[in-house]
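Enquirer: Please model the entire structure based on the sequences and the hints provided.
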Amino acid sequence: MADLHPSTILNYIASGRLYAVKLSERTYRIPARAVISLLEPERLARSSMTIEPDADVESEVADEPADQTMSA
Amino acid sequence: MRPLSSQAYNQRRDDLYSRFDRLGRVNLQDLGANRSIRKLVIDLVVPGQGGPLRDEARFRYQEWWRRSSVGWLRFRYDYDYFDLLSGARRGYHLHPLNGRVVPHAVCEVAPRPGAGGHYEAHEVDLLAAHEEFEAQYASGRPIDCRGLRRID
Numbered sequence: 001m002a003d004l005h006p007s008t009i010l011n012y013i014a015s016g017r018l019y020a021v022k023l024s025e026r027t028y029r030i031p032a033r034a035v036i037s038l039l040e041p042e043r044l045a046r047s048s049m050t051i052e053p054d055a056d057v058e059s060e061v062a063d064e065p066a067d068q069t070m071s072a
Numbered sequence: 001m002r003p004l005s006s007q008a009y010n011q012r013r014d015d016l017y018s019r020f021d022r023l024g025r026v027n028l029q030d031l032g033a034n035r036s037i038r039k040l041v042i043d044l045v046v047p048g049q050g051g052p053l054r055d056e057a058r059f060r061y062q063e064w065w066r067r068s069s070v071g072w073l074r075f076r077y078d079y080d081y082f083d084l085l086s087g088a089r090r091g092y093h094l095h096p097l098n099g100r101v102v103p104h105a106v107c108e109v110a111p112r113p114g115a116g117g118h119y120e121a122h123e124v125d126l127l128a129a130h131e132e133f134e135a136q137y138a139s140g141r142p143i144d145c146r147g148l149r150r151i152d
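Residue numbers (our numbering), protein chains in the order written: chain A, 1 to 72; chain B, 1 to 152.
Hints were generated in silico from the structure; no laboratory data involved. Just so you know, not all the hints are guaranteed correct.
Part of the chain B face toward chain A, derived, beta carbon under 10 angstroms [what the hints assert, rightly or not]:
id, residue
1, ARG12
2, ASP15
3, ARG22
4, LEU23
5, VAL26
6, ILE37
7, VAL45
8, GLY48
9, GLY50
10, GLY87
11, PRO96
12, TYR119
Quick list of simulated restraints, FRET-style, between CB atoms [to be verified]:
id, chain 1, residue 1, chain 2, residue 2, range
13, A, LEU23, B, ARG12, 22 to 32 angstroms
14, B, PRO96, A, ASN11, 18 to 28 angstroms
15, A, ARG29, B, ALA128, 16 to 26 angstroms
16, B, ALA128, A, ARG17, 18 to 28 angstroms
17, A, ASP3, B, GLN11, 12 to 22 angstroms
18, A, LEU10, B, SER68, 40 to 50 angstroms
Some chain A residues well away from chain B (every beta-carbon gap over 10 angstroms; in silico) [said to hold, decoys possible]:
id, residue
19, ASP3
20, LEU4
21, HIS5
22, SER7
23, THR8
24, ILE9
25, LEU10
26, ASN11
27, ALA14
28, GLU25
29, ARG26
30, LEU39
31, GLU42
Ideal Cβ positions, reconstructed from N, Cα and C, are used throughout, including at glycine.
Expert: Dropping the structure here:
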């Protein structure tokens, strides 16, 4: 990857600079997005966060048994 | 899962967003913070880049929280992982089944109307479910329903 030595990549993963999913002691899977984020961050498709404090979602849970609502 | 203050809820929301943004394209919605029921929706597509990189997986996490005197209480959730290449789906849900709120797993290996049985499961945290789904995705192995015990 990008002419980097494997130990450099492992250091990136250990430091959190490069995100990877650990499959076993010696095996990682590095998501494409993590690679792009490291090498060409300007290419990343943008994520988004929407906050609507007054949105009404109560009707979605109208089937909830009133006496069985539980904290999970 | 313990109740969360509004500040803790917001911190958790932001942490989840940052974590998932490293894996794929995230659309997060935080709905109803000023009301008695609040909903968190996270839709994560991997790789989520468009162009030549085909999307392989979708993680959709929904939680409903109720305002209480001790903070926000999670009382319902749908955590789902969709393998976009095979059409398989794996999930953990907490919602009414036959009139009772019961935590359960969902598993379907091929998309078809009415597919997807309900299976026994304990309550899970979003991150615990995600780590399981993420490991399944990263392994490249197909979703299968072996080892699950049906409840319907």
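Enquirer: Each of the hints needs a verdict: does it hold here or not?
Expert: Hints versus structure:
For ARG12/B, the shortest C-beta to C-beta distance to chain A is roughly 13 angstroms, which exceeds 10 angstroms, and the interface hint is violated. At about 12 angstroms, the closest approach between the beta carbon of ASP15/B and any beta carbon in chain A exceeds 10 angstroms, and the interface hint on this residue is violated. For ARG22/B, the suggested interface contact is upheld, since its CB lies about 4 angstroms from the closest CB of chain A, less than 10 angstroms. Against a cut-off of 10 angstroms between C-beta atoms, the interface hint on LEU23/B holds, since the closest Cβ of chain A lies about 5 angstroms away.
With a cut of 10 angstroms, the hint placing VAL26/B at the interface with chain A holds, because the nearest CB-to-CB distance is about 4 angstroms. A distance limit of 10 angstroms between C-beta atoms decides the matter here; for ILE37/B the minimum to chain A is near 5 angstroms, and the interface restraint holds. Interface hint status for VAL45/B: upheld, as the beta-carbon distance to the closest one in chain A is roughly 9 angstroms, under 10 angstroms. A cut of 10 angstroms between beta carbons decides the hint on GLY48/B: the least distance to chain A is about 6 angstroms, and the hint holds.
A distance limit of 10 angstroms between C-beta atoms decides the matter here; for GLY50/B the minimum to chain A is near 6 angstroms, and the interface restraint holds. Contact between GLY87/B and chain A, as hinted, is not supported at the beta carbon level, the nearest pair being about 21 angstroms apart and thus beyond 10 angstroms. Taking 10 angstroms as the C-beta cut-off, the interface hint given for PRO96/B holds, the closest approach to chain A being about 6 angstroms. About 18 angstroms separates the beta-carbon of TYR119/B from the nearest beta-carbon of chain A, more than 10 angstroms, and the hint is not met.
In this structure the hint that LEU23/A and ARG12/B lie 22 to 32 angstroms apart at CB holds, the actual value being about 27 angstroms. Range check, PRO96/B to ASN11/A: Cβ separation about 49 angstroms, and the 18 to 28 angstroms hint is violated. Restraint check, ARG29/A to ALA128/B: a C-beta distance of roughly 19 angstroms satisfies the suggested window 16 to 26 angstroms. Taking the beta carbon of each, ALA128/B and ARG17/A are about 25 angstroms apart, inside 18 to 28 angstroms as hinted.
Remark: the range hint 12 to 22 angstroms for ASP3/A to GLN11/B is contradicted by a beta-carbon distance near 39 angstroms. About 45 angstroms separates the C-beta atoms of LEU10/A and SER68/B, a value consistent with the hinted range of 40 to 50 angstroms. Under the 10 angstroms C-beta cut-off, the non-interface status given to ASP3/A relative to chain B holds; the minimum distance is some 21 angstroms. Against the 10 angstroms criterion, LEU4/A stays outside the reach of chain B, whose nearest CB is about 18 angstroms from its own CB.
For HIS5/A, the non-interface assignment is confirmed: its Cβ lies about 22 angstroms from the closest Cβ of chain B, beyond the 10 angstroms cut-off. For SER7/A, the requirement that its beta carbon stay farther than 10 angstroms from each beta carbon of chain B is met, with the minimum near 21 angstroms. The Cβ of THR8/A lies farther than 10 angstroms from every Cβ of chain B, with a closest approach of about 19 angstroms, so its non-interface assignment holds. For ILE9/A, the condition that its CB be more than 10 angstroms from all CB atoms of chain B holds, with the nearest at approximately 15 angstroms.
No beta-carbon of chain B is positioned within 10 angstroms of the beta-carbon of LEU10/A; the least distance is around 17 angstroms. The beta carbon of ASN11/A sits about 17 angstroms from the closest Cβ of chain B, which is more than 10 angstroms, so the claim that it is off the interface holds. Every CB of chain B lies more than 10 angstroms from the CB of ALA14/A, the least distance being 15 angstroms, so the non-interface label holds. For GLU25/A, the requirement that its beta carbon stay farther than 10 angstroms from each beta carbon of chain B is met, with the minimum near 14 angstroms.
The beta carbon of ARG26/A is kept farther than 10 angstroms from every beta carbon of chain B, the shortest such distance being approximately 14 angstroms. Listed as outside the interface, LEU39/A is consistent with that label: its C-beta sits roughly 13 angstroms from the nearest C-beta of chain B, beyond the 10 angstroms cut-off. Its beta-carbon lying about 12 angstroms from the closest one in chain B, GLU42/A satisfies the requirement of being farther than 10 angstroms from that chain.
Violation of the numbered hints given earlier is confined to hints 1, 2, 10, 12, 14, 17; the remaining hints are satisfied by the structure.
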